[in-house]
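Trainee: Position 214, counted from 1, in the sequence shown is what the working numbering calls 679; the numbers after and before it change by one each time, with no gaps.
Derived from the structure by calculation, the hints contain no laboratory data. One or more hints might be untrue.
With a straight-line Cα cutoff of 20 Å, these simulated SDA-like cross-link-like pairs (lysine to any residue) come out [said to hold, decoys possible]: (1) K701 <-> S746; (2) K676 <-> D580; (3) K568 <-> A499; (4) K772 <-> K676; (5) K701 <-> N714; (6) K676 <-> D538; (7) K679 <-> N812; (8) K701 <-> E569; (9) K577 <-> D538; (10) K819 <-> L733; (11) K676 <-> G791; (12) K701 <-> T718; (13) K819 <-> L722; (14) K765 <-> L733; (15) K773 <-> E784; (16) K683 <-> K773; (17) K602 <-> E569; (18) K700 <-> Y578; (19) K573 <-> D677.
Label pairs and their computed distance ranges (CB to CB) [said to hold, decoys possible]: (20) S703 <-> K808: 50 to 58 Å; (21) R554 <-> H586: 16 to 24 Å; (22) N780 <-> D709: 20 to 28 Å; (23) K765 <-> D725: 37 to 45 Å.
Here the structure is a predicted model, which means the values were calculated and not measured. All residues carry an ideal CB built from backbone N, CA and C; glycine is no exception.
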Amino acid sequence: MIVILLANTTLAGCWDNDELDTISIATGLGVDAAENEEDVHLILQVGKIKENSGYESGSSQQENSFWVMETIDKGISSAINNLDTESTRTIFLHHNQVIIFGKEQAQKGIKKYVDAFSREHQMRMETWVVVADNMAKDILSNAVEQETNSAIGLSKMIETSSRQYESFSVRFIDLISKMMEETTSPIIPIVRAKPEDQNSKFEITGLAIFKDDKYIGKLDLEKVRGYSWIMDRCKKNSLNVTTDNGYANMNITNINLKKDPKITEDELLISIDFKGDINVSEMQGFEGMNSNEVFSALKKAGERAIKKEILDCFNYTKELNGDIYGFGTEISRKYPKEWEKMKENWNDLYTELKMEININLTVRDTGKIVKSLDMEERAE
466 MIVILLANTT LAGCWDNDEL DTISIATGLG VDAAENEEDV HLILQVGKIK ENSGYESGSS
526 QQENSFWVME TIDKGISSAI NNLDTESTRT IFLHHNQVII FGKEQAQKGI KKYVDAFSRE
586 HQMRMETWVV VADNMAKDIL SNAVEQETNS AIGLSKMIET SSRQYESFSV RFIDLISKMM
646 EETTSPIIPI VRAKPEDQNS KFEITGLAIF KDDKYIGKLD LEKVRGYSWI MDRCKKNSLN
706 VTTDNGYANM NITNINLKKD PKITEDELLI SIDFKGDINV SEMQGFEGMN SNEVFSALKK
766 AGERAIKKEI LDCFNYTKEL NGDIYGFGTE ISRKYPKEWE KMKENWNDLY TELKMEININ
826 LTVRDTGKIV KSLDMEERAE
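Using the sequences and the accompanying hints, generate a full structural model.
Mentor: Next up, the structure:
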């Protein structure tokens, strides 16, 4: 069992000037692949502290308000100690915003690093975890407009993105929890820097799928939504649908989701029951159709689109043999005796798993007018 002591301090104002002169506050931590696979390539982003004013303001400084430290050593603890020795200040990790695994290192495996970080007494369990689309050092070395440093900018970007999909919100404690489950494949958001003039902004390009602690595949943004539908992790459920008669943008609200694993003599099945309301925010076309015909068309189109997104993601994970949903865990809860016989063969069983989806949407709101202007014009 890991016991973590969380610090309740703030970034500035917690120390007097003498203390600030003796510490380096790490805001971002990265792990890239070392040339020797037995070694650790550790990167730290450290905020520059200005006397009497805490962190320097990134928007008012000619130079970066942070610097990047890196070392290669045999382990995480020795790497941190190495940086501590090389620095004139003691490295302080309590305010680290994010842990970044470089793509190559993620593909080689992250288990030993997760284990080491979990034992580091300064590491906070609520720290964000991401995978870089290239190297972690590239992310930590970037300056970000209007932010003190890239780690803080990245942290804010994750919070903003999570308002749409909670799936992008992966903290260190979440990763540990998923890695401890016997059959679940953890997912971690993938981040890349977008060059913009001299500074960079970040974007999440998808979710990295891990199996046996290695990055094995990626959910693109469409598949992320398919995953989020079935996990009830969509916060902003905007859906564009096109029919033979017109186009509509709709928001899916009041979602009621039930997942039920079933074991029969012939197959292993996950039954999905998905109910929700349609609020139409934009509608074009549908000439010559009455309201009931349009609502029926929108209902069918919405149900068809959601089902396709769910199945596209599910079938992709079956190809990778990565149970990102935790279906194995759900089966173990409902059928504990049967699961004891199944769990050793879950890799094979997951690829044969069937999914039965029942989606029922109801049109509740079409805005202030029921018909589109095209419908009105045709009616005249």
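Trainee: What's the verdict on K701 and E569, does the C-alpha distance respect the 20 Å limit or exceed it?
Mentor: 32 Å, violated
Trainee: Within 20 Å, alpha carbon to alpha carbon, are K701 and N714?
Mentor: 12 Å, holds
Trainee: Does 37 to 45 Å hold as the CB distance between K765 and D725, or does it fail?
Mentor: 24 Å, violated
Trainee: Holds or violated: are the alpha carbons of K679 and N812 at most 20 Å from each other?
Mentor: At roughly 15 Å apart (the allowed maximum being 20 Å), N812 and K679 satisfy the hint.
Trainee: Taking 16 to 24 Å as the stated bounds, is the beta-carbon spacing between R554 and H586 within them?
Mentor: Roughly 19 Å apart at Cβ, these two residues keep to the hinted range, so it holds.
Trainee: Under the criterion that the straight-line Cα-Cα distance not exceed 20 Å, is the pair K701, T718 satisfied?
Mentor: Given pair K701, T718 holds - Cα atoms ~9 Å apart, limit 20 Å.
Trainee: Measure nothing beyond the straight line between the CA atoms of K819 and L733; if it is 20 Å or shorter, mark the hint as holding.
Mentor: At roughly 6 Å apart (the allowed maximum being 20 Å), L733 and K819 satisfy the hint.
Trainee: For the pair supplied as a hint, K701 and S746, confirm whether the alpha-carbon distance does not exceed 20 Å.
Mentor: 13 Å, holds
Trainee: Hint check: K568 vs A499, CA-CA at most 20 Å. Holds or violated?
Mentor: Roughly 12 Å between the alpha carbons, so the hint for K568 and A499 holds.
Trainee: Would you mind confirming whether the straight-line C-alpha gap from K819 to L722 stays at or under 20 Å?
Mentor: 18 Å, holds
Trainee: Is it true that the C-beta distance of S703 to K808 lies inside 50 to 58 Å, as the hint says?
Mentor: Because 39 Å falls outside the window, the suggested range is violated.
Trainee: Is the straight-line distance between the alpha-carbon of K676 and that of D580 20 Å or less?
Mentor: 16 Å, holds
Hints 4, 6, 8, 14, 18, 20 and 23 from the earlier list are contradicted by this structure; the remaining hints agree with it.
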